[in-house]
Amino acid sequence: MSRAITCPSCGGTIAVKAAGYSVSVACQYCGSVLDVAHPDVKVIAEYHEAAARLDLPLGSRGVIFGTQWEAVGWLAREAGGYAWQEYLLFNPYAGYRWLVESGGEWQFGQMLTARPERLPGGWGWAGRRFAPEEGGAIISTTRVVGEFYWRVRAGDAVEAESFISEDGQSLSLERKGDEEQWTHLVPIPRRWVEGFTRPQGPDLAHPTPERPQAEAKRGWWGAMPGRGAGDLAPMLIMAAITAVLCWVILGWSAQGQQQAGVETNVIVDGPEVHFTVGQVNVAQPYHYVSIYVEGSPFVNRWVDIDWRLVNRATQQAITASSTLEYYTGSDSDGAWSEGNHQHTALIASVPRGTYDLVASAQAKRWNDPAVAYSPPADPFEGGGEPIKLRIGVATGGDNTGWRILLVVLALAWPGVILLWRRAKD
Amino acid sequence: MAGLTCPQCGAPVPMRSGGMPYAVCGHCQTVIARDGAQAVGTAAVLPYDISPIQLGTGGAVDGARFTVVGRVRWGWADGAWNEWLLQLSDGTTRWLGEAMGQFQILAERPDLGEWPLPIRLGDQVRIDGQDLTASDIKQVACLGGEGDLPFPTPKDWRVESIDFRSPSGAALSVQRDEGRGMAYSGRYVELAELRPSRLRAIEGWAVPEGLR
Chain G
1 MSRAITCPSC GGTIAVKAAG YSVSVACQYC GSVLDVAHPD VKVIAEYHEA AARLDLPLGS
61 RGVIFGTQWE AVGWLAREAG GYAWQEYLLF NPYAGYRWLV ESGGEWQFGQ MLTARPERLP
121 GGWGWAGRRF APEEGGAIIS TTRVVGEFYW RVRAGDAVEA ESFISEDGQS LSLERKGDEE
181 QWTHLVPIPR RWVEGFTRPQ GPDLAHPTPE RPQAEAKRGW WGAMPGRGAG DLAPMLIMAA
241 ITAVLCWVIL GWSAQGQQQA GVETNVIVDG PEVHFTVGQV NVAQPYHYVS IYVEGSPFVN
301 RWVDIDWRLV NRATQQAITA SSTLEYYTGS DSDGAWSEGN HQHTALIASV PRGTYDLVAS
361 AQAKRWNDPA VAYSPPADPF EGGGEPIKLR IGVATGGDNT GWRILLVVLA LAWPGVILLW
421 RRAKD
Chain Z
426 MAGLTCPQCG APVPMRSGGM PYAVCGHCQT VIARDGAQAV GTAAVLPYDI SPIQLGTGGA
486 VDGARFTVVG RVRWGWADGA WNEWLLQLSD GTTRWLGEAM GQFQILAERP DLGEWPLPIR
546 LGDQVRIDGQ DLTASDIKQV ACLGGEGDLP FPTPKDWRVE SIDFRSPSGA ALSVQRDEGR
606 GMAYSGRYVE LAELRPSRLR AIEGWAVPEG LR
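Protein sequences appear in the order of chains G and Z.
For the first sequence, the working numbering assigns the number 1 to the initial residue and increments by one for each residue that follows.
For the second sequence, the working numbering assigns the number 426 to the initial residue and increments by one for each residue that follows.
None of these hints come from the bench; they were simulated from the model.
Any given hint might turn out to be false.
Part of the chain G face toward chain Z, derived, beta carbon under 7 Å [to be verified]:
(1) R115
(2) P132
(3) G136
(4) S140
Some residues of chain G that are not near chain Z, with every Cβ distance over 10 Å (derived) [as the list claims (entries may be wrong)]:
(5) T6
(6) R129
(7) E179
(8) A260
(9) R308
(10) R365
(11) K388
(12) N399
Cβ coordinates follow ideal geometry from the N, Cα and C atoms, glycine included.
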């Protein structure tokens, strides 16, 4: 349930998700900033902008550290010519959090209700020590969309300072007048943000036209092929033939051979590593290329690898990516672990030719925020931890999963019709 | 004292706590003085809000079990917040302040109610070994109430609200109108540490594991 309001400026319908908390809403259609603190909605600043195109559309939901969050607000901010974006996340049982994206890296932030402890040359919080990252800055908000629990508007400016710990977490301090707000930010894998599901349900601003009534439109709809009672049996036979052909042809096309292999090291929190895996020959007109990567055992690290299969003749590249990740930790349900140390990237329909497989890899450290960080005894050791990657590339590949999917899809539609007719009788 | 019926509309008014002198009829918002079952005014209808707390929510605080028996909602120019009244099993009460998704546990401090002087922003006070600073002074209006309450909540009730804060998260809240002053001291809490039960079900959201 939410409180629905109508934008007085453009007439768009806006669902206020955090009803009772939200004070201002920046209309997602025209950008006008509205006062929703009181029953009568007032326009604070009128704009007529194109709707902002967000990486994470407002209303998207995803799970971070075991709690589901909904993106309800978005700020574009900048300081000293550098720009980044911040999403306001909300869960009615857990309150608000921040999701900050800067240069492709994501951080998850929680507002503090107490000031961190003052330490010589920095601040202490959650068992870590945070040192000043750079001098203070003036952060200005350049654009806003969505709902906020304070009076937000484009052009707002705050004084800010940021502090960073050895393991890459940060504390940010924003000051406006007498008020100061501390926020604790931890880096999170990009995959968690990519796992957010986009908002479902009807778009109130663009209602879909009503479905044509089955009876009234019987004329053209009923005459379409496949609508007759006797069409089901031929449909099932055609689906079965399609399924068998798919299975056999795709199975044959997947046969192939090992082409190249290599081993390399990537340093956790170190620079991106670029390397060549080797040469790949595709002899058939179109073939699969599968890339297998396995990392030496690691915990609470992730490795992002981008693959580029470069055609020697045309220099055109086909890209793919792999992520190795493995996390453990504990929460109220006890100890948990998730992830894998190996991954296979399967590229379909690679045209005949000779290719070079080149790759770039980067490894990152993830810190369980529930566990106090203990810095490594040797300060240089933490920066030098290697993960060994073993990579193999082959033409062909196991496409059994895809073949099963195709068979299921081929049989799905007649199957649904069969079940539907059974259920109706 | 058993449950009574609303003198205005006749709806039953359940008794949620031991000794609160006022109750708000859930049907017609009449504010009822329990002593003599007199109607003393009308509270505004509370607008919809997405709070996870409701009348009847249980939990534990300061070594005792509690039940939420009442609520007052306050509004000011830039927003609104809830104060939930907790009846503890040891006979005392607390207020659970809820603003912007954050929670505070506050206990009434009768010893601090008669504040001697006007309060200005930046004024400091030392209470229970903590230095607190007046960080926010605003005029607030009562937006309504529900359940059992220690004071009536008429529609047009306006008070001055002063928030004191310390760097450690300790809080003092002073509310004054012409008649009297009330002071409450406390701290920020996480909802989970109150081990709540019977939280409000909110459509489209699952109650998280730790709060069931």
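To see whether the hints hold, each was checked on the structure:
Below 7 Å, beta-carbon pairs count as interface contacts, and R115(G) has one with chain Z at about 4 Å; its hint therefore holds. For P132(G), the shortest C-beta to C-beta distance to chain Z is roughly 18 Å, which exceeds 7 Å, and the interface hint is violated. For G136(G), the suggested interface contact is broken, since its CB lies about 19 Å from the closest CB of chain Z, more than 7 Å. Interface restraint check for S140(G): the shortest CB-CB distance to chain Z comes to about 20 Å, outside 7 Å, so the restraint is violated.
Every CB of chain Z lies more than 10 Å from the CB of T6(G), the least distance being 16 Å, so the non-interface label holds. Residue placement check: R129(G) keeps its beta carbon more than 10 Å from all beta carbons of chain Z (closest about 18 Å). The beta carbon of E179(G) is not kept farther than 10 Å from every beta carbon of chain Z, the shortest such distance being approximately 7 Å. Distance check on A260(G): its Cβ is at least 47 Å (rounded) from any Cβ of chain Z, clearing the 10 Å threshold; non-interface status holds.
The non-interface label for R308(G) is consistent with chain Z: the shortest C-beta to C-beta separation is roughly 42 Å, beyond 10 Å. With a least beta-carbon separation of about 27 Å from chain Z, R365(G) lies farther than 10 Å from that chain, consistent with its non-interface assignment. Here K388(G) stays apart from chain Z, with its beta-carbon at least about 37 Å from theirs, past the 10 Å limit. The claim that N399(G) is not at the interface with chain Z holds, since no C-beta of that chain comes within 10 Å of its own (minimum 37 Å).
In summary, the structure is inconsistent with hints 2, 3, 4, 7 from the numbered list given earlier, while agreeing with the others.
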